[in-house]
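Enquirer: As a plain string of letters, each chain reads:
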Amino acid sequence: MRHIISILLENEPGALSRVVGLFSQRNFNIETLNVAPTEEPSLSRLTVTTVGDDRVIEQITKHLNKLIDVVKLVDLTEGNHIERELMLVKVKALGAARDEVKRTADIFRAQIVDVTPSVYTVQITGDAGKLDAFVQAMAPIGILEVARTGVSGIARGDKLLSL
Amino acid sequence: MELLSGADMIARFLKDEGVERIFGYPGGAALHIYDALFRQDSVQHILVRHEQAATHAADGYARATGKPGVVLVTSGPGATNAVTGIATAYMDSIPMVVLCGQVASHLIGEDAFQETDIVGVTRPVVKHSFSIRHPSQIPEVLKKAFYLAATGRPGPVVVDIPKDMTAPTERYEYVYPKKVKIRSYNPVTRGHAGQIKKAVDMMLKSRRPVFYTGGGIVTGHASEALTDLVQRLGFPITTTLMGIGGYPQGDRQSLGWLGMHGSYEANMAMHHADLIIAIGARFDDRVTNNTSKFCPTAKIVHVDIDPSSISKTVRADVPIVGAAGSVIDEMISLVQGREPASGEALAEWWQSIDGWRGEREGKLYEPSEAGEALKPQEVIEAVYRATRGEAFVTTDVGQHQMFAAQYYKFAKPNRFITSGGLGTMGFGFPAAMGVKLQFPQDDVVCFTGEGSFQMMMQELSTCKQFDVGVKIVNLNNQSLGMVRQWQDLNYKSRHAHSYMESLPDFAKLIEAYGFTALKVTTFDELAPALERAFADTSELVFLDIYVDPFEHVYPMQVPLGSMRDMLLSKTERT
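As you go down the protein sequences, you meet chains L and P in turn.
The numbering of the first sequence is the UniProt record's numbering, which starts it at 1 and goes up by one.
The numbering of the second sequence is the UniProt record's numbering, which starts it at 1 and goes up by one.
Please keep in mind that the hints were generated in silico from the structure rather than gathered at the bench.
In this text, all values refer to a predicted model and were calculated from it rather than measured experimentally.
Accuracy of the hints is not assured; some may be wrong.
[Claimed, not checked] Derived CB-CB ranges, DEER-like: (1) P:P559 with L:N80: 45 to 55 Å; (2) L:L160 with P:F439: 45 to 55 Å; (3) L:D53 with P:F38: 55 to 65 Å; (4) P:P559 with L:D127: 43 to 53 Å; (5) P:Q114 with L:Q136: 45 to 55 Å; (6) L:E78 with P:H495: 47 to 57 Å; (7) P:D317 with L:N80: 30 to 40 Å.
C-beta: ideal position from N, C-alpha, C; glycine also.
Take these sequences, add in the hints, and give me the full structure.
Expert: As structure tokens, this is what we get:
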């Protein structure tokens, strides 16, 4: 099963490599990875999506917790949560396809953020499934390039991941 | 307030931390630190002849004393040479602090002379690592390194020190930090009270219980408490290779150690048990054999300080995260005044165990007859007698390691010092040096083979310089015995590169360093040679003992089988 694990990490050189190294060292999977500083400058928040059965996920969270640089973590998929990803897609936009791209973008509530005579760059946010569906819809028109941020997430309600 | 250079801070910190001795090898990036060591006399520096030996020696010290071993090496090759020893300590959870010189900060990343990203290289084999970014951080970072190395599940910590951090011209305030706090690191001590109670209830109700304890008992200083608990309950106990000595092996309740080459009765008892009480052991593949066939009728209580060790390979029914000593103490207080529910069942259980013991008694190996080559097993037994079972024993890796574990009986923890997890050939001799320097009055025996010894024999020179009187027992079978055994069993005796052709004349080699070497080829020569070797505790003696090259280590678990599936000799199988 797919899990989204969010981690508060010491904002120290080398901390990220310990997390990433752990996954390859122990033969765990990384599907997406997303990391940036938080409002507290000494901490980064890292979100990783991974796939595994309960035993594997238990091992992943235990080993992550063992890393000295990991301050706290939560498996968001254990409760209600919000999951978002941002994607930028460059598509061919010539002739009739120009309108088709615009219409599809509107249906997906995506925005065209850059325009040339032959290319539209579309920005779309949503969960991974929505982004996948958009890529599928655009594929026949001609996708030129895709940049995805990887999943970021947060628990619904009062639950917090903080110090 | 005291102003010190980074280098002087390091020397001063080691003194304030109570470090008596460090093992190392100088080089460009570490020279400021070496100069600081030269100008003090509190910390002794042992100059090894290869950085791997520095880590093994510090490791031997740590295993014998329970305190962190300390290593100092230079950047680049100095640090990479230390990696095998760091990995060895990591796999066996041994506290160690490794100080590595590094090229000056402004050169990092430029492929400077003797530059290696040692923090990157060692990342998978350390508990944690630090890079010094400002000289003023040195006292706090070092304190954190020692704190991390020695607490929780111990392990090696690397500190990377760029050369400019130790420059003699830059001085900063030095205060010895008595305490440090790391917000993300709070090792557990006490186990969950409810879980402990549940475990004790299961223990008292069980009909066929067995304790299975590991290195956590030794590193957690829990051997006395364990002995108390096991004797109160009257249960059988088996230990892992790393847990040897955690319970006195001469006691009736001890079944010896378990696993691939463990005792017949230990493996049989595990397989038939209805309750396994695992403490400070990690169910590794050399213990469990095939996990899907592991102990089919047993419930499992698993006590470990490291949550990630629990249910990693075998699911625990009652997981308890906690320090071995504290959990055992709580178990004792719950057991007090209570009796196992069925004394009858326990008596029947002991009958089965005594039956298994009886089956193999006197059949473990065939002693040599007159005119035949010595058996390695009888050499170990003779050394056991010659040292009255009181020596510190280190081993290298291979057949001799298994024989030493099987035939030398340990009454105390911290006495059997072996690379169990990583299986590092070359470990034994430098580890023995580290032990002997700390315990000059004790006999320190290194059981080795001609394969392993040649991996670290340059340390004879270190022993000469520092007068280290270890006894080296070389079980010379003129082949890589364990490799050869596997080739006999799995490759139709095609002995690919398991011969040690062109062996040196060890006696001449040893004598070149000014030490005594004794060659033994017959049983009659053995006892007098041992008497001579152990006459003077302070003298290094090398015993080159020719043993039967065709001997195999048994019992040996059958691959992919259960605990009880064992080869018992070249012709017998369970």
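Enquirer: Against this structure, judge whether each hint is valid.
Expert: Here is what the structure says about each hint:
In this structure the supplied range 45 to 55 Å holds for P559 of chain P paired with N80 of chain L, their Cβ-Cβ distance being about 47 Å. For L160 of chain L and F439 of chain P, the hinted distance range of 45 to 55 Å is satisfied, since their beta carbons lie about 53 Å from each other. At roughly 57 Å, the beta carbons of D53 of chain L and F38 of chain P sit within the given window of 55 to 65 Å. Taken as a hint, the range 43 to 53 Å holds for the pair P559 of chain P and D127 of chain L, whose Cβ atoms sit roughly 46 Å apart.
The hinted range of 45 to 55 Å is satisfied by Q114 of chain P and Q136 of chain L, whose Cβ atoms lie roughly 54 Å apart. Against the hinted window of 47 to 57 Å, the Cβ-Cβ separation of E78 of chain L and H495 of chain P comes to about 55 Å, which satisfies the hint. About 31 Å separates the C-beta atoms of D317 of chain P and N80 of chain L, a value consistent with the hinted range of 30 to 40 Å.
Comparing the model with each earlier hint shows no violations; every hint is respected.
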